[in-house]
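Colleague: The chain contents come next:
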Amino acid sequence: MTNSWTDIKNTDLIVVMGGNAAEAHPCGFKWVTEAKAQRGAKLIVVDPRFTRTASVADFYAPIRQGTDIAFLLGVIKYCIDNDKIQHDYVRAFTNAPYIVKEGFGYQDGLFTGYDEAKRDYDRSSWEYELGPDGYVQIDETLQHPRCVYQLLKKHIAVYTPEMVERICGTPKDKYLTICKMIAETSARDKVMTSMYALGWTQHSKGSQNIRSMAMLQLMLGNIGMRGGGMNALRGHSNIQGLTDIGLMSNLIPGYLTLGTDKEVDFSTYMSTRGFKPLRPNQMSYWQNYKKFMVSFLKSMWGPAATAENDFAYQWLPKLDVPGYDVLRTFELMSQGKVNGYFCQGFNPLLSFPNRGKVTASLSKLKFLVVMDPLQTETARFWKDEGVHNDVKPEDIKTEVFELPTSCFAEDEGSLVNSGRWLQWHWPGAEPPGEAKHDNWIMAQLHMRLRALYQKEGGAFPDPIVNLHWPYRDPGEPEPDEMAKEMNGYVVSTVTDPVDPSKVILEKGKQVDTFGQLRDDGSTACGCWIYSGCWTEKGNMMARRDTSDPGNTGAYSNWAFSWPANRRILYNRASADLDGKAWDPKRKLIEWNGTAWAGFDVPDIAPGAKPQDVGPFIMNPEGTARLFARAMMKDGPFPAHYEPFESPVANVLAPKIRGNPAARIFKDDLAALGTSDKFPYAATSYRLTEHFHFWTKHVWVNAVLQPEFFVEISEQLAAEKNIQKGGWVKVSSNRGSVYAKAMVTKRIKPLICDGKTVHIVGIPLHWGFTGAARKGFGPNSLTPFVGDANIETPEFKAFLVNVEPSNGPATS
Amino acid sequence: MGLQSQDFARISATNMRPPDVRHDFEVAKLIDVSKCIGCKACQSACLEWNNLREEVGFNTGSYDNPHDLTPNSWTLMRFTEWENPQSGNLEWLIRKDGCMHCADPGCLKACPSPGAIVQYNNGIVDFVSENCIGCGYCVKGCPFNIPRISQTDHKAYKCTLCSDRVSVGQAPACAKACPTGAITFGTKQAQLTFAQTRVADLKSRGFQNAGIYDPPGVGGTHVMYVLHHADQPQLYAGLPNNPRISQVVELWKGLTKYAGMAAIGFAAAFAFVHGIVARRNDVSRAEDREAEHVIDEEAARGRQA
Amino acid sequence: MVVRREEERTTVDRYPGRVRVNHWVTAISLILLALSGAALFHPSLFFLSGLFGGGANTRALHPWIGVVLLASFAILFVQMVRYNFWQKVDTQWMRHIGEVMSGHEENLPEIGKYNGAQKIVFWLMTLLILVLFGTGIMIWYEYFGASFTIEQQRFGHIIHALAAVAMLLVVIVHIYAGFYVRGTMGAMTEGKVTGGWAFRHHRLWLRQEAREGVIDERQTPPRRHTVGPAE
Amino acid sequence: MLHELSRRQFMKAAGAGIGGSVVAALGFGGAEEALAQAVRPFKLTGTTETRNTCPYCSVACGVIMYGLGDGSKNAHPAIIHIEGDPDHPTNRGTLCPKGSALLDFVHSETRTKVPQYRGPGEREFRQISWGEALDRIARLMKDDRDKNFIKTNQDGVTVNRWLTTGFLAASATTNETAFLTYKVVRSLGILAFDNQARV
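Residue numbers (our numbering), protein chains in the order written: chain A, 1 to 811; chain B, 1 to 305; chain C, 1 to 231; chain D, 1 to 199.
Bound-form chain A, shown alone (with noise of 0.2 Å):
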């Protein structure tokens, strides 16, 4: 999220679109109904069904699962078109009036540079054009027909509310009033807030379905508002929090990345994150990184990183690829490649594409192990469950471990939000049994390797035996522990320059603020993002104040938000030029003639001159991006795709399955199914009453939902003579499913290309462990691709078929 839950309160629109906010964040959702009750505001919900958010919105239209661009991108025409959008904003806080270098060019669904053997692109065409003094070339009038403006107006042009309906299946009068009321929200007074979630990431273009939002924000000035931005829902209640600390693939904590092996040394991997800026004067951010990363060396190997070893940069791995996700991870494991797997409260077995491939997979390790509070599928993924889980056990030679731990709780520390608030919670009972916190095991387990590479020796021990281990107890590190080495300290002391008997920084102190980190190895920091949330002043993270000065909704004592305590970022934007709220209802910060002031941290340098400095002060232009460069894999403007598995040919392009910068390995792409075999568009979700696969273990939710189901149109249960609560059979081109029947009116056949085109919901809380009744979940039948920037796999749109069925028990 740019902004916060309790934000949304500020807003006049919520467009409810790519989620379900009322049935996954209904307590987040209070904010939507409290902008409603409390300021009039309206909500729009675009969505394949009718959700239970729509229950309660004030326009609801369907569309065609996996075709968002294709709307959004419409919208935006709609508001160039109609001259709605916030000019001032677009032209100085955006690069639409940078010019793009010659060459660049987009024809029959392919931007320049397509490789269609590697299926990547060649993007070196995607940039700027730079002049003599190193700057980008900028067009203020936004008529250069290379600039960005008029670039993006041409690549629109398709997208007319005609082309719409025959893409997304909304009807055009539907699709026209949310045009009209999105597009009254470019007058300054006027806001609108984007909340999305799973619905827009689970595509193989789910990054570009959330840019075509963000370009519309950005085009309507709404990003930075009070009441604007792009509120990603997330899922977990720490999803954010191992983003942040970067437990991915290719992650450092802080959004630093992994060096690849082109980056033979730290200087070579510096070389590569400059960030020079690219318009006069701008902040550019990232030209810290070096005190960012040799902070977060010094936390991970202490003493052991020196200057002389670059700080042991070589200790970390590199990659040969862009990165090992979950989709390559088993692909590998598939061919036999990986031998040893751990899932800490991770459910793969339920939770990743293909079941079948999962299975088959995972039964090629040497050994499992997972660590759960909860028993779950993954664990049991070698257990014989009848139709449930159909397997050999004998056949399956993984062994298995299964270790308890604590739950909530049991656990002290802090979990993320998806407002970015970082919020301590204290344990209220011990955890059960045998079970274990997490950091106990994980401890446990570095000791004894570290113990064995000790006594045996073994491949490149240097990491493991130097690892920083300063805990009081080092078989069970505390959190405040971890807490404060994430905040930063000093390491040694640092004194002015000038004059050398002033102490900055003094040793064995907490760092105040990621400013105060240094790239010579004085200052040690886990994850610089998080400086402040745990200072000499002590744990910020748990402060209780609820007072809102101005009742802006910002809480800014409550608990702590990262970046520096910030609750709306890029909150420099909310001020126009000079400095002054668009809106004097919703200042946020302004500028007093000196200095940036007001309810917020502002989002920038707080002497930062507002005519002379960019509000998006990460971006090396100091703008927002309509253009995304070189920066996204499958193209810097968004272009509608259909799904790997679809319905219907994609009419702009009809010769491309999918999204062409998409990575699908070859089995994958041999296990797609058809449309004239599976007829139907199918789609998975979760419910209100449960979440994911383990409140199927709590008793009271498996009351509320007890068994699983799809969702089909009367008219589909009418063609196929399917009863409302009787039993049908799903299948995929990979695997096939019982389920029971919710004939609903809530979802309707569209009409797309002129084609019928039945939708059909299947939810995903089911498996064969826990309270409720054995069930199966939709990836024993969704397609394994990953969207093209970060392989989120296509759980959203993928086709099935479905026949009336006796139930499982005559399978």
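Keep in mind that a hint or two might mislead.
[As the list claims (entries may be wrong)] With a cut-off of at most 20 Å between alpha-carbon atoms, the simulated SDA-like pairs for lysine to any residue come out as follows:
{"no.": "1", "chain 1": "A", "residue 1": "366", "chain 2": "D", "residue 2": "163"}
{"no.": "2", "chain 1": "A", "residue 1": "677", "chain 2": "A", "residue 2": "805"}
{"no.": "3", "chain 1": "A", "residue 1": "42", "chain 2": "B", "residue 2": "203"}
{"no.": "4", "chain 1": "B", "residue 1": "257", "chain 2": "C", "residue 2": "166"}
{"no.": "5", "chain 1": "A", "residue 1": "655", "chain 2": "A", "residue 2": "163"}
{"no.": "6", "chain 1": "A", "residue 1": "585", "chain 2": "A", "residue 2": "189"}
{"no.": "7", "chain 1": "A", "residue 1": "42", "chain 2": "B", "residue 2": "91"}
{"no.": "8", "chain 1": "A", "residue 1": "337", "chain 2": "D", "residue 2": "153"}
{"no.": "9", "chain 1": "A", "residue 1": "174", "chain 2": "B", "residue 2": "83"}
Bear in mind the hints are in silico, worked out from the structure with no lab data behind them.
Remember, it's a predicted structure, so these values are computed and weren't measured experimentally.
Once you've looked at the hints, dock chains B, C and D against the given chain A.
Modeller: The following block gives chains B, C and D in isolation, referenced to the frame of chain A:
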């Protein structure tokens, strides 16, 4: 009944009206159907607070789970898919069902067991399990079909409006939990005022018939609804248009009760008086003798036959 | 051999043991039903539930007693129905009911085993018991709560209540008649009535019985004098 | 720190006390009174309050866990009720159907309670000790790492990666656990490292 009797407005099956001297605030729960997302947090909170659990059921092609109120499930979301003929829009009407805590409770009227159903001065209608005899009369008395009789202990159960929480100044569990604020709790007066603002908001959004459901037929309720279509309550999973205690029940618990008692009393009294004043109907010596003749005569006839 | 000449008096057998047992089972059931029913019928009588071990037990027992009543009365019905068909003479007799109530039966027509009033009681009881049982089933919540709609049950309740009142009235008449008409109780206790009673109230019946034959149980004179159709 | 005493909590504690006395004043206190049964005694009076965060979605609602006992040595704490934290700016005391039922998550019958092991081809789990489990896992890890660790690639560039073992982290663990996990996993050179943010 002790001190607390002064806290009762009504007590079932008793002739003496409770003193009703303590003037408590009337409380009310307001359910704003237009804000409800049908998340079932209220059901969840209710089961948890009251330490009740339900059998894990089945899916029957609807979101209503469990499928009906039970002795353990005192509240339930009822889902209705309705295509509005005026706007042509689909509306998913979701109503939280449960005890309405009527000002004039039919259950209490029908109950034959003294003190098994009580109404506090704050308006809460409560079942006192200890006095409940499990006859099921309350089921017949209720215009909303709410009470359920447990087949385990044969006692009637329903929403208590969390009388235990209210008695210590807290809101009912469902009201506290409700994520969107569709359920609110307060004094009836304040709730009615607040409900007006909600109705105004709905009218501004085109729901011309939006209104408050506080049915006069039962003297008003302490659980009220804000409905987008207050003119057609039955749309919301059969919410009664104009609920009132059944005439049959009124007759049974009214006239019949008194007339019956009178008739029997009169008959008994008549017999008693007659017994005293009337001439003895007894056999006389003469009749004994005549009997002998008759016997001889008939016996003789018998022999000749 | 139903008319006996004993030392002191002459008696006529009216009810054999099996009928008497049935009658009393029925009678006791009726009383228990009246008491338990009354407890549930009116708050002022709820204290009666104490006799059955509290309200819950009263609620549970009442219908079962009803079942016993139905069974025993059914047998009684079979035993008595043939004497209870209406005849002209019953109508004549009913015209003189006032005299009966004032203790004069001189001018009544001779009648058989039962008089009009008794027959009316018999048929009323039959009817009411059927109604009470039928409606009783409808409102027997523990077992039949699900079998009838709430509206049907509401009607069941009111009809049951009205029928119960009627039943009580009939029972009061029946019992009082037993007391008022002296010598009647013996019929249901020892099973016999005096010849005089039979002559006064059921002369026709007395004649029939006598014609069947008379047993002389007197000790003197010692010679046995037996009579009967055998000779 | 098992639980911290916040402003509201103090009020609450006091409130419960007052509540109790109110109940008594109303006469619902005396169990001997038949009608006293009408109102169930307030079940949270005297429990220990601990603040926590709902572990489900990323709205991260504040919850209060009500624990058995007053924290004294011999009273083993056990969560008996969980309710929304009225102080929390986001949820203001409300909870969704999952959050409202957190108690059943804590006490779920299918929670893991002992370490279990399943050998190759076996049909069932069997219990093992933590010691056995961890020793065995560490051994399997080291053997695999020593065998398959890649120190340099074909071009002789130091790459220090271990690709034959992977680690999925949980996006429901705390930041502190996450960071400790990160240190342990990365120090081994593991690249097949991911969490739910990916899916």
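Colleague: Does each hint fit the structure? Answer for all of them.
Modeller: How the hints compare with the structure:
no.: 1; hint: 366(A) x 163(D); result: holds, 14 Å
no.: 2; hint: 677(A) x 805(A); result: holds, 18 Å
no.: 3; hint: 42(A) x 203(B); result: holds, 14 Å
no.: 4; hint: 257(B) x 166(C); result: holds, 13 Å
no.: 5; hint: 655(A) x 163(A); result: holds, 18 Å
no.: 6; hint: 585(A) x 189(A); result: holds, 8 Å
no.: 7; hint: 42(A) x 91(B); result: holds, 17 Å
no.: 8; hint: 337(A) x 153(D); result: holds, 17 Å
no.: 9; hint: 174(A) x 83(B); result: holds, 17 Å
The structure meets every hint from the earlier list without exception.
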